[in-house]
Every structure is written in structure tokens, then in C-alpha cells.
Amino acid sequence: MKRLGKWGLLPLFAAIALLSGCGEPFLSTLQPAGEVAQRQFDLMVLSTSIMVGVIVVVAIIFIIVMIRFRRKSENEIPKQVEGSHTLEIIWTVIPILLLLVLAVPTVSATFQLADVSPAEEKNDEGKTDALVVNVRANLYWWEFEYPNEEILTSQDLVVPTDEKVYFNLIASDVKHSFWIPAIGGKLDTNTDNVNKFWLEFDGEKADEVGNIFYGKCAELCGPSHALMDFKVKALPRAEFDQWVASMQAVKEPVQAETAEAQAGQEIFNNSCIGCHAVTPANTTPEQARMGPNLTDFGNRTLVAGILEHNEGNIKTWLKDPESIKPGNKMTGKYNLSDEEIDAVTEYLMGLKVQE
Amino acid sequence: MSTNAQKKGFGAVLWDYLTTVDHKKIAILYLIAGGIFFILGGLEAMIIRIQLAIPDNNFVSAGFYNEVLTMHGTTMIFLAAMPLLFAFMNAVVPLQIGARDVAFPFLNSLGFWLFFFGGVFLNLSWFLGGAPDAGWTSYASLSLASEGHGIDFYSLGLQISGFGTLIAGINFLVTIINMRAPGMTYMRMPLFTWTTFVASALILFAFPALTVGIFFLTFDRLFGSNFFDPTMGGNTVIWEHLFWIFGHPEVYILILPAFGIFSDIISTFSRKRLFGYSSMVFATVLIGFLGFMVWAHHMFTTGLGPIANAIFAVATMAIAVPTGIKIFNWLFTMWGGSIKFTTPMLYAVAFVPSFVMGGVTGVMLAAAPADYQYHDSYFVVAHFHYVIIGGVVLSLLAATHFYWPKMFGTMLNEFLGKITFWLFLIGFHLTFFIQHFLGLMGMPRRIFTFLPNQGLEIGNLVSSIGAFFMAVATIILLINIVITSVKNVKVGNDPWGDGRTLEWAIASPPPYYNFKQLPLVRGLDPYWIEKMEGKKEMTPAEPLGDIHMPNGSFIPFMISLGLFIAAFGAMYRLDYGWGLPVLIIGLVITFGSMFVRSIKDDHGYHIHKEELMDDDDNKGVKA
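Taken in order, these protein sequences are the chains called A and B.
The opening residue of the first sequence carries number 109 in this note's numbering; numbering runs sequentially from there.
The opening residue of the second sequence carries number 1465 in this note's numbering; numbering runs sequentially from there.
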């Protein structure tokens, strides 16, 4: 019986694949890179082990039945058994016990992962001691505001490693969901209310992946839902502080240096600045922040969240955003010639708060 | 109504089916319509798997992909799985309890035509500006933002077909409560009848939540209300609650009848009564009850807070207990039995481990903090396909082979049936097993493409290859059906030889009035009891007498057609001047037909004793 072999091996394959940890380390939930993902992974391993046990028991009974009780003659009439109280009690009570084993850590983790009290305690200045990031999800881009530091950035979330970071999540158009698989489970960004949770980014694991993790939108939000990726730069606390200081230092739009970039800046100021700010202050109202903040654009890891960050891709994106991200909100908002796009690209590449 | 016509022209047959109130013909209508929608949903699935076979694929565009994924889910749940189950419920349940027909034959017909017109309306969206594109869950913020009329097709189409489902559910409840043959007590009902009973009760309580949700959505989109608009004091999370208060019981509406079908098949081909019958019934009722207590586990990441999440996590885990009871009861029904591996039995046997795998991932999903990782990833996609295909679809394929002779009087080819089975089973596991890992590796669901170098290539390719196996299996099943119908070799009462329940005590297909004399039921598996005592047929519980039959009616078709027309009017009311008149005309047709039904006396007709005695001489005459 070929099928019997397959049934017997399935749970084994499952266990091996799970334990070996597959997927890419910057994206996989099976290679947890933070406390939250680790706790969730532990729960996965616990539940998988219990469940593999259940599967093994079922598989053994199943295989015995398949082999022993095939019909041998057309005339055989088996004994008509009504049932067995003993057996029925056994397979009621044992699953209940197994579920209790799973339920206790589940409930405890549910409450611990939802504990955002440090982000609620304000000090004398009205700020929190913990690092808080306000995430605003938009049709197909992400904005990250640091209320204590009074700066904001887009698309690349920058966080310090080895400490709890508290997130307040909201969406400005339709429902999205904020997910960094290697760091921790997702939480929806509703349009109605702010959702809160915390994540922690492991320093050593961050080193292994060059400090970059992948983030995803996990709730269907329109044609480009699949392309609503973002990046997470997890930096040691000192580097994070430097980044914050450099961002805070930008009070006015940085003046472009080369002649072409200056031309680009002028075009930008005429065509683009209505939606895209190039200063990091978080003082403008949400409704006015219609496109990603570009203050640190030159240091981005990706164009539009998905393309490799280089001049060619920026030009492709600016020429026809619709072909890259269908349904995006930038298409048709501006009209630039190829030369103008070249100039704007030159300008954008120079927007860096740090070298 | 012609009762004994031997040969009829195509027009007459068509008219017969358009007006029939016979549960056996309505079953065939459900089977054909559900089958067509199943193939449509399958084609949509193939588009999905072709698009995702390789990274950065351009087989379909992003917007079109969202329409395809939405229609795949919506079609499979509402227009394929449920109607196909209704097909077998209609064909079998009245026979299993020894009834002449369902309690309300007219409503039975109305339920079918409402479902049919709702389904056609929904699918016409492909040709009229684009299908719905917000997923089968149609979460409010996205479904309100969606442009065009796609979502309106979804809301109006599901509203109409939802009425049909509700009517069908009520009809089965009343039928099973009131129409059981003498001696058929509740605790002697076959499991398929029991699960139909519980599933119908779930329909009765779950569908109103969907009806309300869809009404809100329709009014928000077409009539300017703001139930789900947070800027106007509405709330999108309310939609999620309404949808899942319906949506979770819906899963059990699908899986419980599947459990019933497999219970009957396993017991039949093991030649053993169902092990732990009482605990099986108890578990069915308990699953139905708990099914209403767990909806928020679909919303663990919505932000309901740790208290709600913890309560719903534990409640969800509890469902594993009655489900586990069922699994072991099936295994121990086979234990000590005499198992014959017919095609239906192969499906039943394969179902047990397949469903266990879907069930255990269900328990894993119940662990809320881990679910934050699984949720809306391909892990969930794998899980619900394991329960829906591994449970519901396998049961539908099994029932197709098992009940085909009872419905059409001829056996599907066993050899082709087994080929279909193996291809389908292998394809199913190949497609979905690996998706668990894709999800854990960070692949969100409902994405129209994925990028290279994220470790997702191989898994997706394997999954797409598996889908082709299932497609080939379905094609072979269709070929089998054609060959069988052309050959048309007639079979007797009990073609499998191991039939235990009342439906096997009657001719295949049964005469239009079902049992000439209501049978006397002397215990669980009544036909088996008689066979074991050497009898060929059931002992009658009444003397031969006149049988009261309902007349056929075209009114159900007209009532449904009116709503179908009205839906177009409602949808185009704001776009075109003719919208409002069409809305009114449609409603006039519907309510006019209902009025005619109300004032016209229709007492049906009687088949006289003499005619029934004549029938003995020419057995097998079809109505």
C-alpha cells in the first residue's frame, strides 16, 4: 500500500521541515529574530508536537484497520458493535487534557503580547520612556512617526535592537495589516481605531541579515496588496540615536548641490511637494501627508517598496507608476518630461540625512 | 401533470424541470447547477495557481486576480459546495426517513430557483464591468472603496441566493421533525439525516447575520447609508463580526453534512453499524452549538484585545473534542468490520487522515498568539482547503459515486472512479500540504504575485503542479458521467449490496411518489435489519391507499426571476434612468407571483390505489 507509507511519513516530514527552519531568515516565521516571534514559534512547536502525536495515534489505528479488516469473502457479516463507553471516555478525556496543556501557555502569551502599559505611562514632558512608533498604513505605502522624537519617515522602518518598541497602528484609507514575519505576528491597521502592540528586534539575528528585515501587508487592500512591502532597519541603539539626531537636524528642505539636482529640486517643489514632504517634522496634519515622506529617500533600500534602489528604477517608477503598482494613488497626479524625471531623480538620490 | 408519460420531447422535459416540486428532480437541478458552478470555481482556482506558479508572473493583471480570488471563494462556498450538499440532502434525506417528499415541496423549488438566479446574477458580473474584488469576506473598508459594480453583484447576488438557502434550511428542519415514517425515532435516524438536521438549524441561525450584514453593505453602497463608514460614525469591525457570526457556522453547515455522508458510507462498506451512534449524534449537536461560540477566532488580529482573544482561543480548542470523538468513532466503525474498497469508500477512507490534518492545524490556529503569525498567510489557506477539500469536497465526490445509482438508476464506472480518486487525492495533498510552509515562510494570502529571492519559488511551483492533478481528476469524472449516462445500464434497489438505510429499500430511481406504503422502521439501519432476517423489502406500516401529491408550479421561478430583475434595477438606479422602473417592475413580478400563489387554491391531486397497483406490473417507470 503506497498510500499507507505516505500517511506514515507525512507527520515526520512536517516535524523535520519545521525543526530545520526553512525560508529566508529576513522573512520566515520559522527563524524568529525577536522575543515576540520566538514566543510564537515556541507555541507553534508545542502545538505541532501535540498534534503530530495525535496524527501518529490516528495513523497507527488507521493502518491497522486498512490492513486487518479488508473484506475477505462476500458472505462475511461482522459483529454489529454498538460502541464502548470505556473507549469513548478515553478519547474524550485525553484530548481535553492535551488541550489544557496548550491552552495555558496560549492564554498567558495572549496577555503578555498585548501588554503595552509602558507606552501609556507619560513622563513630565508628556512623552514616554519607551520607544513608540505610530504606523499609518496607506494604499500601498507605510508611514512611521516617532512621536517622542517628533520625526517621521516612510517605507523604511528604523528601530533600535534589543529593546521593546511599541507600535500604534492605524490605516488612513482601507484596512491593512502590519506584519514583520521574522520579528512577530501581525496586527490589523483599522480605519476606525488605533491598535497597539509591541515587538522586539534581536541584535544578533539582525547582524546575520545585514540589519534588514522584510515587512508585509497581510490584509487584502486592493490590486497592489501583494506589493505593499516595507523594510525594517534594525540598528544598535547608538546608531539608531545617530539616525534620529540626523533626522531631527533637518529643519528646512536640504538644498541640492549639483546643477541638475537643483533643477530637479525646483521641479519637485512645483510638482511633488504637495504630497511628499522632504522635512521630517511631524507637525503637518495626517490628511496633508498624502504621499511618503522623502527626507531620507537617498538611503532607502527599495523604490516603491519592491524595486532595487537605483536611478534606473526611480525613473521607471516616475514615468509610469501604474505599471509597477497598479491602483496606486500617484499615477496621473503630475506630468513630467523625461528630462524633468532625470533631474528629479538626481535630486531625490541626494536626499540623505546620513552618508 | 403527466404521471406516466414514457417519452417526452425536450420542451416537455424542460417545462417539467422548471415547474417541478419533486425533491428528487430538485436534487438533480441542484446537482447540475452546483456542478457547473463547481467547474467555474475550479477554473478560477486554476487561474490562481497558474499566476502563482512562478514569481513575477504576468498571466493575469493585479486587479483581475483579485476578482478571480474573490469569485473562486464565493462561488465555491455559496454556489458549489452548499448547493451540491443540498442536492444530496434533497435526493436522500426524504428517502432516509421514509417520507413522501419534503414538508414544503413548493418552497423547495423556490429555494432552488432563488439560489440559481442569485448565482447567475453574481456571475454575470464578469460580463458587466468586472467581478467583485474584495475577497469572499468582502471586508467593509475595502468593499466600500471598491469601484464599479463588482461588490454590488456580490451583495445582491448573495442576498438572493441566501434567501434560497434559508428557505431550504427551514424546509429540511420541518421535514425531519414532521415527516419521519412510523418507528423512525430521532435516535434511529441515519447520520446524514442527523447532520442535515443540525446543519439546517445552523442555517436558520447563521444566515440572518449574513442577510443583515449584506443589507448594510448594499445600503452603504447604493442608498447612501453609513453603517461601515467610520468618518460618519460607522464601524468596519461590525462587518467583520456580522460576517463571521455567519461565516464560522457556515463552515459547519458545510462540514456536518459531509460528516453524515461519510458516516453512512463507512458504516455501509464496513458492513457494521456506526460505532458509538449516540456519541456521534451528541458530537454533531455539540459541534453545531460550539460553532456559534467561536467566530472571533477569525478576528484575532483585528485588535479585540487579550480578553476576547483568550476566551475565543479556548472556546475554539474545545471544538476539537467532539470532532476527535467522531474521528475515533469512524476508525472503530471500520475496526472489526468487513471493508470493501469501492470508490465511495476510498474517498471515505482518505477523508479520515486528510481531515485530521486539517483539524490539527485548526487547533494550532486556535492558539491566538501563534495565530498572529498564521493569520492571513498561506498557512490559513492550507488549513481551510484541508478541511473544505479534505472534508467537504471529498464527501461530495464520494456521494456522487455513492448516490448516483439512487438518483439516476445507473452506476458510475468504478475503474474511472478510482482513477479520479487517486489523481484528486494526490493532487490535493501536493497542492496544499506545502502551502502550510509557504505561509510560515512569510507568504501572505491573496497576493497576485510574489517576488523572487524570498524563498517562495519551489513551494509555489509544487502547489501549482498539484492543482493540475485535481483538474485532470475532475475531467475524468465528467467523462465517467457521460459514458455512464450513454450506456445507461439500469440497477436495482440496492446496487452496492451493502445498503443499510431506507433509501436502499426503494427502486433506483424511486417512483415519483417514493414509498407506495410508508415503511415500518424497527431500529437503526432499518433495511439492514430486514435483510438480516432474510426479507427483501420493508414491512409496510399502512395499507395501500390513495397518495396525495402536490402539483408542479411555475410560480417559484417567477418569484426568483422578479428578484433577479429587481437586483439589476437597484444596482443601476443611480447610473441610468431606467434603473428605478426596473427595480419596481422586478418587485411587482415577485410580489405579484406571491399574491397569485396566495389567492389561487391548489389542492394537489391524488394517485389512486388502482394506479399504484398497476405500477407493480411495469416497475421502473419514471415520472
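These aren't lab readings, by the way, just hints derived from the structure by calculation.
One thing to keep in mind: the hints can contain errors.
Stated by the list, open to error - Dumping the calculated EDC-like pairs for lysine to aspartate or glutamate here, alpha-carbon to alpha-carbon at most 20 Å:
#	chain 1	residue 1	chain 2	residue 2
1	B	Lys1804	A	Glu143
2	B	Lys1995	A	Glu416
3	A	Lys187	B	Glu1997
4	A	Lys230	A	Glu184
5	A	Lys441	A	Glu463
6	A	Lys304	A	Glu143
7	A	Lys304	A	Glu229
8	A	Lys187	B	Glu1994
9	B	Lys1999	A	Glu229
10	A	Lys441	B	Glu1994
11	A	Lys437	B	Glu1997
12	B	Lys1995	A	Glu182
13	B	Lys2000	A	Glu257
14	A	Lys304	A	Glu316
All values reported here derive from a predicted model rather than from experimental measurement.
The hints, checked one at a time:
1. Lys1804/B / Glu143/A: violated, 53 Å
2. Lys1995/B / Glu416/A: violated, 75 Å
3. Lys187/A / Glu1997/B: holds, 15 Å
4. Lys230/A / Glu184/A: With Cα atoms ~79 Å apart, Lys230/A and Glu184/A exceed 20 Å; violated.
5. Lys441/A / Glu463/A: Not OK: Lys441/A and Glu463/A at ~31 Å, beyond 20 Å, violated.
6. Lys304/A / Glu143/A: holds, 17 Å
7. Lys304/A / Glu229/A: OK: Lys304/A and Glu229/A at ~14 Å, within 20 Å.
8. Lys187/A / Glu1994/B: holds, 16 Å
9. Lys1999/B / Glu229/A: violated, 82 Å
10. Lys441/A / Glu1994/B: It is violated: about 80 Å lies between the C-alpha atoms, which goes past 20 Å.
11. Lys437/A / Glu1997/B: violated, 77 Å
12. Lys1995/B / Glu182/A: The hint holds at about 15 Å.
13. Lys2000/B / Glu257/A: violated, 87 Å
14. Lys304/A / Glu316/A: violated, 28 Å
This entry does not satisfy hints 1, 2, 4, 5, 9, 10, 11, 13, 14, going by the numbered hints stated previously.
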